[in-house]
Amino acid sequence: MADGPSVAARDDLAGVVDLFAWLTRTELSQALSELAFKSRTEVDEDAIDAAIDLAVAEYALVPAPAAALSSEGTESASERETALAVGPAAFPTLPEGAADLPHILDIPSREVDREALSDAVLERLREEAVAAIGDGDDDRLETLADVTYDVEAWAPVDVDPVRTRILAEVDEEA
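Numbered according to the numbering used here, the sequence shown terminates at residue 174, and the numbering increases by one at each position without gaps.
Simulated from the structure, these hints should not be mistaken for lab results. Please note that the accuracy of each hint is not assured.
Mimicking SDA-like on lysine to any residue, the simulated pairs with C-alpha atoms at most 25 angstroms apart in a straight line are [said to hold, decoys possible]: (1) Lys-38 / Asp-53; (2) Lys-38 / Ala-98; (3) Lys-38 / Arg-25; (4) Lys-38 / Ser-70; (5) Lys-38 / Glu-96; (6) Lys-38 / Ala-57; (7) Lys-38 / Ile-104; (8) Lys-38 / Thr-26; (9) Lys-38 / Leu-19; (10) Lys-38 / Phe-91; (11) Lys-38 / Ala-67; (12) Lys-38 / Val-130; (13) Lys-38 / Leu-105; (14) Lys-38 / Arg-124; (15) Lys-38 / Pro-108; (16) Lys-38 / Thr-24; (17) Lys-38 / Ser-109.
Assemble the whole structure, with the sequences as input and the hints as a guide.
What follows is the structure, given as structure tokens:
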């Protein structure tokens, strides 16, 4: 995906999410629209969607289960849409003007339970590894193998069984 969203864009998305602990996809799109307005550029909704999709696929942003979320004075994300939190493959950076977003957007104070989030990420990693093995998707397996190292550094979870299975499959195909 040479002409797709860059790693810098992925990390900028994570930086915006990190400002709030978690955001729904709609809230993240709104934040990015505000940044575009501040910099007097046009909003490309398709580009925003592609960047968010890539960030989720690469574990820079991860879907957060309702059990991992807390928020003051608003309905939970599960009642509206999936929440996104900063994932293990992110190196959050703030795009220009992002520090003003908490003053611009009406988003209450939020927190993420890292233990519940890391359990959900490990479960997703297992499911995606099984699917990639079943599909014979070597490219995805290599990405997931890299993600196992990120997850291990990010949270106190045991990813070794998943990584061992992924690497065995990759080595078998090589």
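Results of checking the hints against the structure:
1. Lys-38 / Asp-53: holds, 24 angstroms
2. Lys-38 / Ala-98: holds, 10 angstroms
3. Lys-38 / Arg-25: holds, 20 angstroms
4. Lys-38 / Ser-70: violated, 29 angstroms
5. Lys-38 / Glu-96: Distance ~9 angstroms between Lys-38 and Glu-96 Cα, so the pair holds.
6. Lys-38 / Ala-57: violated, 28 angstroms
7. Lys-38 / Ile-104: Holds, because 11 angstroms separates the two Cα atoms, which is no more than 25 angstroms.
8. Lys-38 / Thr-26: Holds, because 18 angstroms separates the two Cα atoms, which is no more than 25 angstroms.
9. Lys-38 / Leu-19: holds, 17 angstroms
10. Lys-38 / Phe-91: Cα-Cα ~24 angstroms, so holds.
11. Lys-38 / Ala-67: violated, 34 angstroms
12. Lys-38 / Val-130: violated, 43 angstroms
13. Lys-38 / Leu-105: holds, 13 angstroms
14. Lys-38 / Arg-124: Violated, at roughly 36 angstroms.
15. Lys-38 / Pro-108: holds, 22 angstroms
16. Lys-38 / Thr-24: Holds: Lys-38 and Thr-24 sit about 21 angstroms apart, inside 25 angstroms.
17. Lys-38 / Ser-109: Roughly 23 angstroms separates the two Cα atoms, so the pair holds.
In this structure, the earlier hints numbered 4, 6, 11, 12, 14 are contradicted, and the remaining ones agree with it.
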